[in-house]
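Protein chains in written order, with the numbering used here: chain W, 1 to 326; chain B, 1 to 324; chain H, 1 to 325.
It is worth saying that the hints were derived from the structure and are not from the lab.
Fair warning: there could be bad hints in the mix.
Stated by the list, open to error - Restraint-style ranges between C-beta atoms, simulated for each label pair: (1) W:320 / H:158: 21 to 29 Å; (2) B:280 / H:214: 23 to 31 Å; (3) W:79 / H:157: 25 to 33 Å; (4) H:208 / B:262: 39 to 47 Å; (5) B:86 / H:16: 39 to 47 Å; (6) B:67 / W:234: 29 to 37 Å; (7) W:285 / H:16: 39 to 47 Å.
Said to hold, decoys possible - Result set (EDC-like, lysine to aspartate or glutamate): computed pairs, CA atoms no more than 20 Å apart in a straight line: (8) W:127 / B:83; (9) W:7 / H:152; (10) W:127 / B:82; (11) B:132 / B:113; (12) B:172 / B:129.
The C-beta atom is built at its ideal place from N, Cα and C for all residues, glycine as well.
Listed below, chain by chain, are the residues.
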Amino acid sequence: MKYLARKFGMLIFTLFVSMSINFFLPRLMPGDPAKALMDRMEGVEAEKLESVRAAFGLDTKDSLPVQYGKYLLNTVKGDLGISLSRFPMPVSSVLASALPWTIGLMGLCTIIGFSIGTLLGIWAAWKRQTKLASFTVGFFTFIRSFPYFWLGLFLIYIFSFKLKVFPLGGAFSVDQTRGSAGWWLSVVQHGILPAFTITLSSIGAWLLMMRNNMINVLAEEFITLAIAKGLPMQRIRLMYAARNAILPSVTGFAMSFGFIVGGGLITEMVFAYPGMGYMLYQAVNAKDYPLMQAIFLIIAASVLVANFLADIAIMLLDPRVRDGAK
Amino acid sequence: MHADAILELRNLKAGYATNAGFVRAVDDVSLTLHRGEFLGIAGESGCGKSTLAYSIMRLLRDNARIESGSIIFDGTDITSLDEKAMNEYRWTRMAMVFQSAMNALNPVLSVEEQLVDAVLAHKQVTRADAKKTAMEMLELVDINPERIASYPHQLSGGMRQRVMIAMALLLKPDLLIMDEPTTALDVVVQRSILQKIEELRRIFGFSVIFITHDLSLLVEISDSLAIMYAGKICEYGPSREVYASPDHPYTKGLMNAFPTLTGPISRMGGIEGQAPSLLSPPPGCRFAPRCSVAIDACTKEVPLLQVTSPGRLCACRLCGGNHE
Amino acid sequence: MIRDFFKTLVKNRKSLSGLVLLGFFVLVALFAPLLAPYPPKTDRIEHTTLIEENKSDPEVLNEEAEGQNREKSVYTVTITQKYEKTTEYFPTRAKPSKDHILGTNHAGNDLFSQIIMGTRVSLFVGLATGLFVTFISLSLALLSGYLGGILDDVISFVTNVFLVIPGLPLMIVIGTYVPMHGVLPIILILSLTSWPYPTRLLRSQVLTLKNRDFVRASKMIGERTLFLIFREILPNMISIVMSEFFTVSLSAILGEATLEFIGVGNITVVSWGTILYWAQANGAILMGAWWWFLPPGLLIALTGTAFVLINFGIDEISNPRLRKR
Numbered sequence: 001m002k003y004l005a006r007k008f009g010m011l012i013f014t015l016f017v018s019m020s021i022n023f024f025l026p027r028l029m030p031g032d033p034a035k036a037l038m039d040r041m042e043g044v045e046a047e048k049l050e051s052v053r054a055a056f057g058l059d060t061k062d063s064l065p066v067q068y069g070k071y072l073l074n075t076v077k078g079d080l081g082i083s084l085s086r087f088p089m090p091v092s093s094v095l096a097s098a099l100p101w102t103i104g105l106m107g108l109c110t111i112i113g114f115s116i117g118t119l120l121g122i123w124a125a126w127k128r129q130t131k132l133a134s135f136t137v138g139f140f141t142f143i144r145s146f147p148y149f150w151l152g153l154f155l156i157y158i159f160s161f162k163l164k165v166f167p168l169g170g171a172f173s174v175d176q177t178r179g180s181a182g183w184w185l186s187v188v189q190h191g192i193l194p195a196f197t198i199t200l201s202s203i204g205a206w207l208l209m210m211r212n213n214m215i216n217v218l219a220e221e222f223i224t225l226a227i228a229k230g231l232p233m234q235r236i237r238l239m240y241a242a243r244n245a246i247l248p249s250v251t252g253f254a255m256s257f258g259f260i261v262g263g264g265l266i267t268e269m270v271f272a273y274p275g276m277g278y279m280l281y282q283a284v285n286a287k288d289y290p291l292m293q294a295i296f297l298i299i300a301a302s303v304l305v306a307n308f309l310a311d312i313a314i315m316l317l318d319p320r321v322r323d324g325a326k
Numbered sequence: 001m002h003a004d005a006i007l008e009l010r011n012l013k014a015g016y017a018t019n020a021g022f023v024r025a026v027d028d029v030s031l032t033l034h035r036g037e038f039l040g041i042a043g044e045s046g047c048g049k050s051t052l053a054y055s056i057m058r059l060l061r062d063n064a065r066i067e068s069g070s071i072i073f074d075g076t077d078i079t080s081l082d083e084k085a086m087n088e089y090r091w092t093r094m095a096m097v098f099q100s101a102m103n104a105l106n107p108v109l110s111v112e113e114q115l116v117d118a119v120l121a122h123k124q125v126t127r128a129d130a131k132k133t134a135m136e137m138l139e140l141v142d143i144n145p146e147r148i149a150s151y152p153h154q155l156s157g158g159m160r161q162r163v164m165i166a167m168a169l170l171l172k173p174d175l176l177i178m179d180e181p182t183t184a185l186d187v188v189v190q191r192s193i194l195q196k197i198e199e200l201r202r203i204f205g206f207s208v209i210f211i212t213h214d215l216s217l218l219v220e221i222s223d224s225l226a227i228m229y230a231g232k233i234c235e236y237g238p239s240r241e242v243y244a245s246p247d248h249p250y251t252k253g254l255m256n257a258f259p260t261l262t263g264p265i266s267r268m269g270g271i272e273g274q275a276p277s278l279l280s281p282p283p284g285c286r287f288a289p290r291c292s293v294a295i296d297a298c299t300k301e302v303p304l305l306q307v308t309s310p311g312r313l314c315a316c317r318l319c320g321g322n323h324e
Numbered sequence: 001m002i003r004d005f006f007k008t009l010v011k012n013r014k015s016l017s018g019l020v021l022l023g024f025f026v027l028v029a030l031f032a033p034l035l036a037p038y039p040p041k042t043d044r045i046e047h048t049t050l051i052e053e054n055k056s057d058p059e060v061l062n063e064e065a066e067g068q069n070r071e072k073s074v075y076t077v078t079i080t081q082k083y084e085k086t087t088e089y090f091p092t093r094a095k096p097s098k099d100h101i102l103g104t105n106h107a108g109n110d111l112f113s114q115i116i117m118g119t120r121v122s123l124f125v126g127l128a129t130g131l132f133v134t135f136i137s138l139s140l141a142l143l144s145g146y147l148g149g150i151l152d153d154v155i156s157f158v159t160n161v162f163l164v165i166p167g168l169p170l171m172i173v174i175g176t177y178v179p180m181h182g183v184l185p186i187i188l189i190l191s192l193t194s195w196p197y198p199t200r201l202l203r204s205q206v207l208t209l210k211n212r213d214f215v216r217a218s219k220m221i222g223e224r225t226l227f228l229i230f231r232e233i234l235p236n237m238i239s240i241v242m243s244e245f246f247t248v249s250l251s252a253i254l255g256e257a258t259l260e261f262i263g264v265g266n267i268t269v270v271s272w273g274t275i276l277y278w279a280q281a282n283g284a285i286l287m288g289a290w291w292w293f294l295p296p297g298l299l300i301a302l303t304g305t306a307f308v309l310i311n312f313g314i315d316e317i318s319n320p321r322l323r324k325r
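Bound conformation, chain W alone (with noise of 0.2 Å):
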């Protein structure tokens, strides 16, 4: 229970850390981006130059100290500022209209790339004196070198644009009536693509860190001894040498999970995927700061809370972590 208290201690200050780098980094720039922005707006509106002003903190009579609290409270209230290219939308609402996507297209791909990798990794190290293996590793190792975002854009260029089997971008058919059959067959069509990149990608790093583990452990001596006893193969290959794989994968999710998010984020730029990470791409380049901040919270926090999640995977799964004895 201590391990979980502190874990979770962690995650709250953490999520603070995030929230002050948002509110101190526009505020440390060199120069007066605010100022650079107006000056860009031209024949603006007064409530969006307000706004403009706020995010950076140039209009308030209040000295920084209360700047911040106001913020922090704020930012826990859900309240994150307006957007200033969806003027005059909160950006809640549009943060509320992406997420659904992100989640949908990230959580699938990490499922299914957790779980080929893992098993493709078990099998590669039982079976590494074989070709197969030795293949199926080098290739994967070799798909690991491509930017996420070139291995999107190759596969519009062969699929959607040569081949023209699947659409070039977005998340669904907009002939179709929202909700519709049609349009849910559409969401399907359009989520091949951008989901075979990123579970592609990520299948690597799951297969070589799994596969490395296994190795080391069928090296340990409670194989030997496993073996002395007479157990079936398949009781070894799972109970005994999978089972204790699989700690140091998990923990390595845990930390690489954010590395993964990031890639999620660049093809549904290169997709045009109406999720987080399109949105990001739109405010960078419309010079949406609110957005931005906001969207990098979010992922933040989903960053953290994963890591988290996996934190109580582990110790569930290794009695000595439970135990306090790690």
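Place chains B and H on chain W using the hints.
For chains B and H alone, coordinates are given in the frame of chain W:
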């Protein structure tokens, strides 16, 4: 082969394939173990004793393998059996206790799971029955059966080792191979473990091959003693006799190397030099470079084990054995 | 020990191929100006020839005698030069041709030259970030792991906090605020998001080594701390430090390309990433202009593969179990 011999090794050669060549850790070893006999195998680190233990149970993996020779268990040659056939013997007829129980026990499974799966792998019984057998075994090794639900890291070193012993005896094997089972424990715990083994042996009547580098342990409890050096057995005989009057210069050196608790204080002896590389062993007798009584002929030909007196073997030119 | 490590590295097949590949790219980067057919940002070829030159007769303005043996005169001569200048503009968005092996981009710049010159920037950013981060994380790891105490607690805590904050969104947010002059900002931003992971990894390695008997033995003899760090601990960390260096460099190259692609980096610099940015901004895929976006991606992947191969080799050296039998 004797009628009551449970294990016979004939010219066994085994070792490791490395980039530099084949390291023959077990070089032409032959011995016979009778039913109920307690054989101690003693030698320095790296002399091949563990490789010998693993070979008997056919546990050599990766780049380790049996090169030639045969292992006859209860009349059957098990040297080349396939894994499926070998599993009939594993744990039911022969079992092993490893050196480090912390490393040999699966950290994520409870003691119960690890004991029960050994039973269920070989016997068609219910889980409840298997658990009952396991708990009975734990009692025999003086562990509270309630602790069966514990995980390895929750037990003390001595308890873990006793769990290992209980696990090994679950299926009442004929042969128990113990690879330095007490090396990682303190002397007090060592003694209690050894006493427990003796007690269990009286109850179940199994044979034991006990491997160690600590000669003092073996002298009291073993029936016979084999001394290994650089992959070969250099002396063999009833332990009392070997202890009282060792034939081989190496054994003599070993006996001098540990002080007695009683008697006059004498200067402790040692054996100068280091054990040879098993990759390219020296010509002739392997102990010759370190032997104080070696003569020129010792480096020319390898001395074979010869009978020096009834039941005693020695591989040395100077202890009465002649070479071929 | 260090020499042995490098010798083994070269003997291992995987790392050798990785090193050769990397070496190839480094050579291209070094000799880029010589290898590129045109300057990367040029969009034309200019030929200027002198057709005629007319020199008029001297027109004396002033003549003076100075003393007995000296004479001074001032005269003007007018020279008229006639030039012929042909400007050949490169075609824009052109397909690969004899003159332009990989075609041209939207501004008429030769893509092949851009790719060659881009090697310099991408490689430099990647390796510089790798070096910088390795230096920082190693220093922090040694301070934290070896000296322990409060310093260790503080450094570990900060590391753990920044470890979980997702890198890419952070880079994007910082990148849009920071004015981009040259490539230094990108290197700094990449470093800022890459340092936690290696620091943590190296720190645990330092801790393991610190408790090894040979280090404790040296300490007991009374060797000084600096000696222990540089002669006992560091040499035993070479493989993991090198492995981290290549890992960080790899992710830096990918990171730079990603940032440029999104438009957060410095898009005036010519790198593989900016080429892709312009490709995307001009709808290269929709035009079917595979020669525009395929090569940069492939090169990034090849460079990445080089690093990964080297790392494979390092892994196999330090963990013999991973070697093929």
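Evaluation of the provided hints:
{"no.": "1", "hint": "W:320 / H:158: 21 to 29 Å", "result": "27 Å, holds"}
{"no.": "2", "hint": "B:280 / H:214: 23 to 31 Å", "result": "28 Å, holds"}
{"no.": "3", "hint": "W:79 / H:157: 25 to 33 Å", "result": "30 Å, holds"}
{"no.": "4", "hint": "H:208 / B:262: 39 to 47 Å", "result": "45 Å, holds"}
{"no.": "5", "hint": "B:86 / H:16: 39 to 47 Å", "result": "41 Å, holds"}
{"no.": "6", "hint": "B:67 / W:234: 29 to 37 Å", "result": "31 Å, holds"}
{"no.": "7", "hint": "W:285 / H:16: 39 to 47 Å", "result": "44 Å, holds"}
{"no.": "8", "hint": "W:127 / B:83", "result": "17 Å, holds"}
{"no.": "9", "hint": "W:7 / H:152", "result": "19 Å, holds"}
{"no.": "10", "hint": "W:127 / B:82", "result": "19 Å, holds"}
{"no.": "11", "hint": "B:132 / B:113", "result": "12 Å, holds"}
{"no.": "12", "hint": "B:172 / B:129", "result": "16 Å, holds"}
Checked against the numbered hints above, the structure violates none of them.
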